[in-house]
Amino acid sequence: MATIRLNEDLIIKARDLAKKIALQVNGFVNKRSTVTIERTLLRLIGIDGVNIQEVPYPNILIDQLQERGLLDEGAVKWVIKAMITYGMAPQEVAESADADRINWEDCRGVSSKEVQEIGYQFAKESLKKITAQKLERERLIENLSEGEKPYLYLIVATGNIYEDINQAKAAARQGADIIAVIRTTGQSLLDYVPYGATTEGFGGTYATQENFKIMRKALDEVGVEVNRYIRLCNYSSGLCMPEIAALGAIERLDVMLNDALYGILFRDINMQRTLIDQSFSRKIISYAGIMINTGEDNYLTTSDAVEAAHTVLASQFINEQLALQAGLPTEQMGLGHAFEINPDLEDGFLLELAQAQMIRQIFPDAPLKYMPPTKYMTGNVFKGHIQDAMFNFAGMLTNQGIQLLGMMTEAMHTPYIHDRQLAIENARYVMNNIKHLSGEIEFKAGGKIEMRANEVLENAADMLEKVEEIGLFSAIEQGMFADVSRTLTGGKGLDGVFIKRSDYFNPFEELLNTELQLGREA
Amino acid sequence: MTIDLTRIKPYGDTLGDGAVQLSFSLPVPYGEEAKEAAKQLAIQMGLEDILVYHAKDLGENYTFFILYGKLVHSIDFTKIKVPKITAKSMDFYQINEKIQQEIKRKITIIGACTGTDAHTVGIDAIMNMKGYNGEYGLERYPMINAYNLGSQVKNEDLLAKAIEVKADAILVSQVVTQKGIHLSNLTELVEMVEGQGLRNNMLLICGGPRINHEIAIELGYDAGFGAGIYASNVASFIVEEMLKRNLN
Numbered sequence: 066m067a068t069i070r071l072n073e074d075l076i077i078k079a080r081d082l083a084k085k086i087a088l089q090v091n092g093f094v095n096k097r098s099t100v101t102i103e104r105t106l107l108r109l110i111g112i113d114g115v116n117i118q119e120v121p122y123p124n125i126l127i128d129q130l131q132e133r134g135l136l137d138e139g140a141v142k143w144v145i146k147a148m149i150t151y152g153m154a155p156q157e158v159a160e161s162a163d164a165d166r167i168n169w170e171d172c173r174g175v176s177s178k179e180v181q182e183i184g185y186q187f188a189k190e191s192l193k194k195i196t197a198q199k200l201e202r203e204r205l206i207e208n209l210s211e212g213e214k215p216y217l218y219l220i221v222a223t224g225n226i227y228e229d230i231n232q233a234k235a236a237a238r239q240g241a242d243i244i245a246v247i248r249t250t251g252q253s254l255l256d257y258v259p260y261g262a263t264t265e266g267f268g269g270t271y272a273t274q275e276n277f278k279i280m281r282k283a284l285d286e287v288g289v290e291v292n293r294y295i296r297l298c299n300y301s302s303g304l305c306m307p308e309i310a311a312l313g314a315i316e317r318l319d320v321m322l323n324d325a326l327y328g329i330l331f332r333d334i335n336m337q338r339t340l341i342d343q344s345f346s347r348k349i350i351s352y353a354g355i356m357i358n359t360g361e362d363n364y365l366t367t368s369d370a371v372e373a374a375h376t377v378l379a380s381q382f383i384n385e386q387l388a389l390q391a392g393l394p395t396e397q398m399g400l401g402h403a404f405e406i407n408p409d410l411e412d413g414f415l416l417e418l419a420q421a422q423m424i425r426q427i428f429p430d431a432p433l434k435y436m437p438p439t440k441y442m443t444g445n446v447f448k449g450h451i452q453d454a455m456f457n458f459a460g461m462l463t464n465q466g467i468q469l470l471g472m473m474t475e476a477m478h479t480p481y482i483h484d485r486q487l488a489i490e491n492a493r494y495v496m497n498n499i500k501h502l503s504g505e506i507e508f509k510a511g512g513k514i515e516m517r518a519n520e521v522l523e524n525a526a527d528m529l530e531k532v533e534e535i536g537l538f539s540a541i542e543q544g545m546f547a548d549v550s551r552t553l554t555g556g557k558g559l560d561g562v563f564i565k566r567s568d569y570f571n572p573f574e575e576l577l578n579t580e581l582q583l584g585r586e587a
Numbered sequence: 068m069t070i071d072l073t074r075i076k077p078y079g080d081t082l083g084d085g086a087v088q089l090s091f092s093l094p095v096p097y098g099e100e101a102k103e104a105a106k107q108l109a110i111q112m113g114l115e116d117i118l119v120y121h122a123k124d125l126g127e128n129y130t131f132f133i134l135y136g137k138l139v140h141s142i143d144f145t146k147i148k149v150p151k152i153t154a155k156s157m158d159f160y161q162i163n164e165k166i167q168q169e170i171k172r173k174i175t176i177i178g179a180c181t182g183t184d185a186h187t188v189g190i191d192a193i194m195n196m197k198g199y200n201g202e203y204g205l206e207r208y209p210m211i212n213a214y215n216l217g218s219q220v221k222n223e224d225l226l227a228k229a230i231e232v233k234a235d236a237i238l239v240s241q242v243v244t245q246k247g248i249h250l251s252n253l254t255e256l257v258e259m260v261e262g263q264g265l266r267n268n269m270l271l272i273c274g275g276p277r278i279n280h281e282i283a284i285e286l287g288y289d290a291g292f293g294a295g296i297y298a299s300n301v302a303s304f305i306v307e308e309m310l311k312r313n314l315n
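In order, the protein sequence lines correspond to chains Y and V. If you count the first sequence from 1, position 274 lands on 339 in my numbering, and the numbers rise without skipping. If you count the second sequence from 1, position 84 lands on 151 in my numbering, and the numbers rise without skipping.
Watch out, some of these pointers could steer you wrong.
[Unchecked claim] Restricting the straight-line Cα-Cα distance to at most 16 Å, the calculated cross-link-like pairs of lysine to aspartate or glutamate (EDC-like) are:
| no. | chain 1 | residue 1 | chain 2 | residue 2 |
| --- | --- | --- | --- | --- |
| 1 | V | K221 | Y | D333 |
| 2 | V | K197 | Y | D548 |
| 3 | Y | K194 | Y | E316 |
| 4 | V | K106 | V | D116 |
| 5 | Y | K557 | V | D224 |
| 6 | V | K233 | V | E223 |
[What the hints assert, rightly or not] For each label pair, taking beta carbons as the anchor points, the in silico distance ranges come out as:
| no. | chain 1 | residue 1 | chain 2 | residue 2 | range |
| --- | --- | --- | --- | --- | --- |
| 7 | Y | E534 | V | S90 | 53 to 59 Å |
| 8 | V | G287 | Y | R133 | 45 to 51 Å |
| 9 | Y | L75 | V | E255 | 50 to 56 Å |
| 10 | V | G247 | Y | Q543 | 56 to 62 Å |
| 11 | Y | D560 | V | N268 | 41 to 47 Å |
| 12 | Y | I564 | V | G287 | 27 to 33 Å |
| 13 | V | E255 | Y | K509 | 56 to 62 Å |
| 14 | V | Q161 | Y | L410 | 16 to 22 Å |
Think of the hints as simulated: they come from the structure by calculation, not from any bench. No experiment lies behind these values; they were computed from the predicted model shown. Glycine residues also receive a C-beta, built at the ideal position from the N, C-alpha and C atoms.
Construct the entire structure; sequences and hints are all you get.
Structure representation (structure tokens):
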């Protein structure tokens, strides 16, 4: 494979700085939990469903515990206390609480020994379920085989899960390796996970456990027919990041969008909330063998792709270190970037190659997730198809892990069934035609591509130095990422953040830390 | 060769040939019947000499077609009327100067991507300091107080802020248009502004890739801007219109 000569010392330095930044963040994160983390735990012990007003039971319980000032001991502790006091199963506790039939004061008498015994049992059982799904994935891939990298990643976004299935199955037959079900616009800002199968979404389909299950089943079926395991992707992001991670783990999703900064910058979610949520969600994702996709590509939609190239790299270093600290193996790190340089720029493709090749070499084991042109897609579908071909060329030449296929109708509408077919034809043609090209060429020493890559690396290292000095929180406040500035206490979801009491109980995290061989929590 | 503007047809290589290309999918299995079905649909669209050049099995009993034909219809170009924004576009310097000399105070413009829409590319291109493609955004204009509220802003929050800062104009960006969601969103804002009795005090302007001036007027807006528009186009309209309506 052709390589460019990069300043290796600078890579080591940048990685070390990112590690320090991530450690600072985790020092803050480890002392805290959030309402969605607590709801995740309740889902993991089997609490599900919605009440008559369609409020999910996990939300009902968390709200009650928060109102009574009990949440900082951990929701699991109190639900177990109620179970023992009333002789109920977890779901019964939830339903009784909804009917105001749980007197939490009456539950105080239960000893912590009893709570812990049941708590660890719950944690063990639910991790067992997640392990079973992980093994099932491995078994299916073994039996069916899988697509070659770069995996062809296609989106479906009809708003109706049953319509999504038609589109997804067709895409799988046409050659898709990963199907991502885009979420309905606005879901990231819901502080609850909607329930059941849904048929009404805008620009996408609600992420619900039932929808995950339905799509999983459809992809397993079509996978057997095409003799290829078809991966399913959804979004562990927004205000319910860890809850969706858990649902994804239980329903055997294979890929999840999960970024430490995306929600802060682009959805104005409070930075404390997102950084705490990403840590726990990544532990679940790590354990479940799910691959994450980070969202650095988005920086280039608000900033210029040439000027801001180093912010993408700097963020990838930070995402990598935060992921490592949540136990995520490098092989599951789909670090994101994008082909977003203005197509009118002379030698723009050289800069794209420099970026893609540089990242490939800096993160050699990560299945890099390469996003297609969107910002400069115009509605001229003919030109757009060529832009996508150039993108496919760059992706194959630089051995990316996941190629999110561009649609010629990008910037026009969510994909039609034939848009996907044309996109796959495009990718297959280009990738097959240049399959071994990277082994046949060399990047010119001291050439434009090499110089550009090292320039970006230098700028990223400089940026990380500044971020390390002031801390990630201040760096975000100063708008160092994506030209977007957010404050420590601004944005949505801060009221769902709390400091854990000294006797806080989260058996799942304890067990996950042991399983993932992570250091004891602060 | 004179072109008869009263009978305009698509053009390929011979005037009046009516050459048209189109592509679509049908929910039928691939095969000769599918191609024939595509052809007959094209006939109903008003095409003749139809050639189905490409048909592709999409799986799940769907088939994709690319076909060419000659359109029988023509249009009287002399009768075409399209409502357009008449304001002459000024540049950054002319706009600031005009505000200073004729409105004689800074004007206030507030913008947002409303509803659940999270696509800020458009509103950012118009409002943010940096602008787009080398054209400064409204925040850069010394004579304009510009407030970009970002994405997923509720109509009521947008209006509340507009009242608070005494906005002269509200810009609403709508990108997601699946199932007509933008229409109800845009209409709601007009109704709220009217409900507050403020419709005559401020300009309402919408924008987005699927928005045009005609739709905007129909929905009760003062102007609508589609793709390819810069901050200076929007600002020019606002300044001209404020002067016309004595909103200074």
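Hint check:
{"no.": "1", "hint": "V:K221 with Y:D333", "in the structure": "holds (14 Å)"}
{"no.": "2", "hint": "V:K197 with Y:D548", "in the structure": "holds (10 Å)"}
{"no.": "3", "hint": "Y:K194 with Y:E316", "in the structure": "holds (10 Å)"}
{"no.": "4", "hint": "V:K106 with V:D116", "in the structure": "holds (10 Å)"}
{"no.": "5", "hint": "Y:K557 with V:D224", "in the structure": "holds (15 Å)"}
{"no.": "6", "hint": "V:K233 with V:E223", "in the structure": "holds (15 Å)"}
{"no.": "7", "hint": "Y:E534 with V:S90: 53 to 59 Å", "in the structure": "holds (55 Å)"}
{"no.": "8", "hint": "V:G287 with Y:R133: 45 to 51 Å", "in the structure": "holds (48 Å)"}
{"no.": "9", "hint": "Y:L75 with V:E255: 50 to 56 Å", "in the structure": "holds (53 Å)"}
{"no.": "10", "hint": "V:G247 with Y:Q543: 56 to 62 Å", "in the structure": "violated (40 Å)"}
{"no.": "11", "hint": "Y:D560 with V:N268: 41 to 47 Å", "in the structure": "violated (35 Å)"}
{"no.": "12", "hint": "Y:I564 with V:G287: 27 to 33 Å", "in the structure": "violated (50 Å)"}
{"no.": "13", "hint": "V:E255 with Y:K509: 56 to 62 Å", "in the structure": "holds (58 Å)"}
{"no.": "14", "hint": "V:Q161 with Y:L410: 16 to 22 Å", "in the structure": "violated (29 Å)"}
When each numbered hint is compared with the structure, violations occur for hints 10, 11, 12, 14.
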